[in-house]
Amino acid sequence: MTDRIVLDNVSKFYGEVLGVNRVSLSIPPGITTLVGPNGSGKTTLMNLLTGLVQPSSGSISVLGLSPSNSTGFFREVGYCTQFDSFPRGLTGRQFVLDGLMLHGMSAAEANRLTAEALARVDLGEAAGKRIEGYSKGMRQKIRLAQSIAHHPRVLILDEPLNGLDPMARAESLALFEELGRQGMHVLISSHILDEVDRISDRVVLITGGYLVAEGDIHAVRTEVRDQPMQVLVRCDRPGLLASRMFALDHCVEARLQPDGKGVLLRTGEMAAFYALLNQVAAEGLVRIEAVAPADDDANALYQYLIGSEGSAS
Amino acid sequence: MPVYRHIYRPYSGRLTPAWSRSLVLTRYGLAEAWSSKITIALFTLCFLPVIVSLFGIYLVNNPLARVLLGAQRPQVFTIDAEFFLHDLQAQSWLALALASWVAPRLITFDLADNALPILLSHPISRFTYLLGKFLALFASLSVVTWIPCLLLFAYQGYSSPGAWASAHLGIAGGLFLGAVLWITLLSLLGLALSSWVKLRVVATGVIFAAVFVPAGVGAVVSAVLRTRWGFLLNVPVMMTLLWQRLLDAPGISGADLPTGAILLTLLLVCCVCLGVLNARIRAREVVHG
Amino acid sequence: MPRQNGPTLRERRVHPPWGLWWIQGRRLVRIEVRRNLFSWKAGWIYVLAFTPTLILAIHAGMDARSARDIEGDTEVLARIVQLFYLRLAIFFGCLGIFSRLIRGEMIERSLHFFLLSPVRREVLLLAKFVAGSISALLLFESAIVADFALLYLPFGGMAWTYILNGPGLGQLAAYLGVAALACLGYGSVFLLLSMIFRNPTPAAMVFLLWETINPVLPSLLQKLSIASYLRHLMPVAIAPEGFFALLTVETEPTAAWTATLGLLLLILAVLVYACFRMRTLEIRYTTE
Chain A
3 MTDRIVLDNV SKFYGEVLGV NRVSLSIPPG ITTLVGPNGS GKTTLMNLLT GLVQPSSGSI
63 SVLGLSPSNS TGFFREVGYC TQFDSFPRGL TGRQFVLDGL MLHGMSAAEA NRLTAEALAR
123 VDLGEAAGKR IEGYSKGMRQ KIRLAQSIAH HPRVLILDEP LNGLDPMARA ESLALFEELG
183 RQGMHVLISS HILDEVDRIS DRVVLITGGY LVAEGDIHAV RTEVRDQPMQ VLVRCDRPGL
243 LASRMFALDH CVEARLQPDG KGVLLRTGEM AAFYALLNQV AAEGLVRIEA VAPADDDANA
303 LYQYLIGSEG SAS
Chain B
287 MPVYRHIYRP YSGRLTPAWS RSLVLTRYGL AEAWSSKITI ALFTLCFLPV IVSLFGIYLV
347 NNPLARVLLG AQRPQVFTID AEFFLHDLQA QSWLALALAS WVAPRLITFD LADNALPILL
407 SHPISRFTYL LGKFLALFAS LSVVTWIPCL LLFAYQGYSS PGAWASAHLG IAGGLFLGAV
467 LWITLLSLLG LALSSWVKLR VVATGVIFAA VFVPAGVGAV VSAVLRTRWG FLLNVPVMMT
527 LLWQRLLDAP GISGADLPTG AILLTLLLVC CVCLGVLNAR IRAREVVHG
Chain C
470 MPRQNGPTLR ERRVHPPWGL WWIQGRRLVR IEVRRNLFSW KAGWIYVLAF TPTLILAIHA
530 GMDARSARDI EGDTEVLARI VQLFYLRLAI FFGCLGIFSR LIRGEMIERS LHFFLLSPVR
590 REVLLLAKFV AGSISALLLF ESAIVADFAL LYLPFGGMAW TYILNGPGLG QLAAYLGVAA
650 LACLGYGSVF LLLSMIFRNP TPAAMVFLLW ETINPVLPSL LQKLSIASYL RHLMPVAIAP
710 EGFFALLTVE TEPTAAWTAT LGLLLLILAV LVYACFRMRT LEIRYTTE
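Protein chains in written order, with the working numbering: chain A, 3 to 315; chain B, 287 to 575; chain C, 470 to 757.
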């Protein structure tokens with residue numbers, strides 16, 4: 003059994019409307035963020051991965067399993083959709099339990115896993131109440147609980163942070179991070195790029211149904227050569243550092259920090275930039291406290307690669 | 287001191303008179319209802335009996351056709367109250383099919399998509415809203431009921447020798463009144479049930495069921511309790527009796543009920559429908575402070 | 470949780486996991502029956518099924534002692550079963566119950582929870598069909614039994630003689646059999662229609678028209694109707710009267726077992742096609 007999620011030249015058309023077009027991906031374990039504007043095809047891609055819609059062409063396999071083999075497939079896959087609706091008249095606990103019972107496990111085992119999942123999403127006593135009375139955040143949590151309850155190896159999360167308050171959002175992100183560390187595939191689509199960026203191992207950028215970029219965030223950023231990289235350097239003499247760095251042809255902008263203890267530099271050639279920075283530090287003219295990339299994240303990639311076509315918050 | 291630049295100007299142009307605002311909803315309602323291909327198909331289907339009747343009237347009044355057909359079986363093509371009763375029946379039941387499709391389209395989208403509070407937050411009252419929707423449905427059903435029936439009557443009057451039309455004006459009045467009674471009931475029933483069940487898919491079935499299931503229950507009541515009053519639950523029987531009497535046509539229904547009881551029952555059904563509509567719309571009305 | 474590789478496609482074909490399917494099917498049936506029968510939204514089906522029972526109860530209470538003839542009431546019951554239950558209550562009841570199973574879940578946007586569970590789609594569909602059938606059978610069969618009891622029991626000893634030594638019990642069994650076949654037949658058709666059409670009601674009304682005019686159609690076309698099979702299984706013939714003759718008249722006499730087998734084959738064919746459609750069913754809630 004392979005450990006990858008593979009989409010091979012997958013296209014999906016809804017009549018004459020394009021869902022996704024010729025998407026090929028091979029996703030290893032870890033946390034992958036799916037980024038794109040509204041209507042870019044993120045949910046279609048996730049629905050294709052789980053068999054809720056069928057590809058017009060191409061093939062899909064998740065850990066070597068096809069969605070058409072639902073018995074084996076959904077033992078390994080959990081999908082937390084963004085459809086905010088539930089079967090009528092169920093409590094949160096019943097909802098999770100019903101899902102687990104369909105796996106064919108014993109009632110005792112299903113009850114144990116239900117309690118475990120509810121504890122993981124911190125739903126507390128609300129689990130005994132009917133879902134109709136839940137807040138948006140609680141509904142999000144119960145969906146998450148249902149998708150992780152059977153210990154899947156692949157977790158697909160469509161906008162999992164929607165409706166969650168900051169505390170719940172932080173807890174969810176910690177949970178995703180933990181699951182990713184354990185070797186699980188976690189595929190997240192989210193508009194809250196700042197937050198998912200912190201835990202993502204790689205990013206898939208999609209717009210208008212087309213794949214724009216995919217891979218490790220830093221590697222993708224490096225590939226975006228038409229946008230100079232931004233590096234924030236904290237030091238005691240930012241003016242001097244800026245003047246030295248401008249000796250480099252590829253350094254196109256320097257912006258002093260308001261507190262006078264740093265400078266934001268933009269450069270198109272990272273290797274030469276770091277070589278010169280090392281040289282400046284070795285000369286002892288400038289005491290450097292910290293160096294950090296300033297636009298090496300999903301948010302920046304979104305701005306550079308998708309930009310005005312969509313808007314992420 | 288803050289400086290305010292008074293550049294905002296509220297709208298001061300012409301306003302639609304309050305009495306005609308419901309017509310705006312009617313216009314949009316008609317556009318919504320007729321945007322469906324199935325509405326067009328049903329509408330087309332509704333004219334098949336009219337075309338057959340038109341051909342029948344032509345044959346009866348065509349001298350050559352009368353010679354060819356009339357000599358053998360003259361009674362088949364007699365244009366009289368019974369002929370128009372059958373026309374009215376056919377058009378009325380096709381109107382039920384059209385209403386069951388159109389009525390849910392007029393109201394369930396507003397309810398299911400929570401559009402009603404937005405509509406009612408405009409200077410539109412509950413009554414205006416309902417009147418607008420009612421007129422849209424009533425107009426659609428008129429086109430397939432009393433209008434074609436009266437056109438058939440007019441054609442017969444034009445084609446027949448002598449003063450046929452003036453001698454049979456009662457038929458025209460009966461056709462108009464019978465059809466208007468039926469489509470009023472149908473419009474109110476359709477809108478009330480659609481507002482009650484909210485889901486378009488369910489509403490279509492419920493409208494049919496609301497006509498036929500009570501008819502079945504009425505038949506059970508009549509059979510078990512050996513009474514004729516069970517037919518008061520049977521809308522098809524009641525309407526047939528009413529049409530018969532309005533057109534002064536010979537009886538084709540075995541049941542018998544007093545006209546007063548029929549009218550009272552139909553009035554009761556209309557009142558219940560209005561009550562349901564009022565309750566459903568009021569629940570979503572924005573309180574104007 | 471321990472992990473192990475799943476069986477290969479070949480293994481699955483050779484050794485289908487019947488045990489797992491049975492467990493999943495039972496659990497799905499339990500979930501669906503609970504939703505079909507024990508929710509306030511199901512109230513209308515109870516009303517539909519038990520309205521004649523209520524009328525018969527009123528009748529039994531009102532004039533239990535008045536002179537009535539058992540033959541007359543036998544025909545009344547035959548009319549109730551044939552014209553009310555088969556043509557209206559079971560028809561519209563099954564339309565409501567079976568349309569809800571798939572299309573209703575799509576309208577409520579909750580079908581994906583089932584499609585995302587480790588259950589074969591065919592198992593899911595058949596379990597839903599079984600659950601719908603159990604719900605319909607429980608309601609309509611119990612209503613017919615209650616009607617039968619309320620109609621005959623006021624006759625006292627004469628009724629017991631009619632039921633136990635006369636044709637009564639046979640008639641009851643026949644009514645129950647016919648109602649069961651009607652539930653399964655209409656249920657399968659409406660389940661399929663709800664998968665094909667976003668709004669299955671117009672199609673169901675066309676089907677109702679088809680069922681009504683079926684006796685005047687050619688023999689071959691009559692085979693594509695539920696009512697044509699049921700008509701041959703009715704234990705009491707109803708005198709043809711006007712329009713109702715279309716609903717009651719037996720056009721081509723057929724043996725009961727042939728009619729039953731024919732209907733079961735028709736149901737099987739419809740379910741096989743429904744399973745085929747289920748394999749490729751897509752969740753596109755935005756179009757609902």
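Worth double-checking, as some hints may not be accurate.
Claimed, not checked - Where chain A lies over chain C, by a calculated footprint (3+ residues, C-beta under 8 Å):
#: 1; segment: 570-580
#: 2; segment: 587-594
#: 3; segment: 617-627
To be verified - Computed footprint of chain A on chain C; a stretch qualifies when at least three of its residues, placed anywhere within it, have a C-beta under 8 Å from a C-beta of chain A:
#: 4; segment: 486-494
#: 5; segment: 741-752
Derived by calculation from the structure, the hints in this document are not laboratory data. Note that the structure is predicted; figures quoted are calculated from it, not measured. We put the beta carbon where it would ideally sit given N, CA and C, even for glycine.
Earlier hints that do not hold, by number: 3
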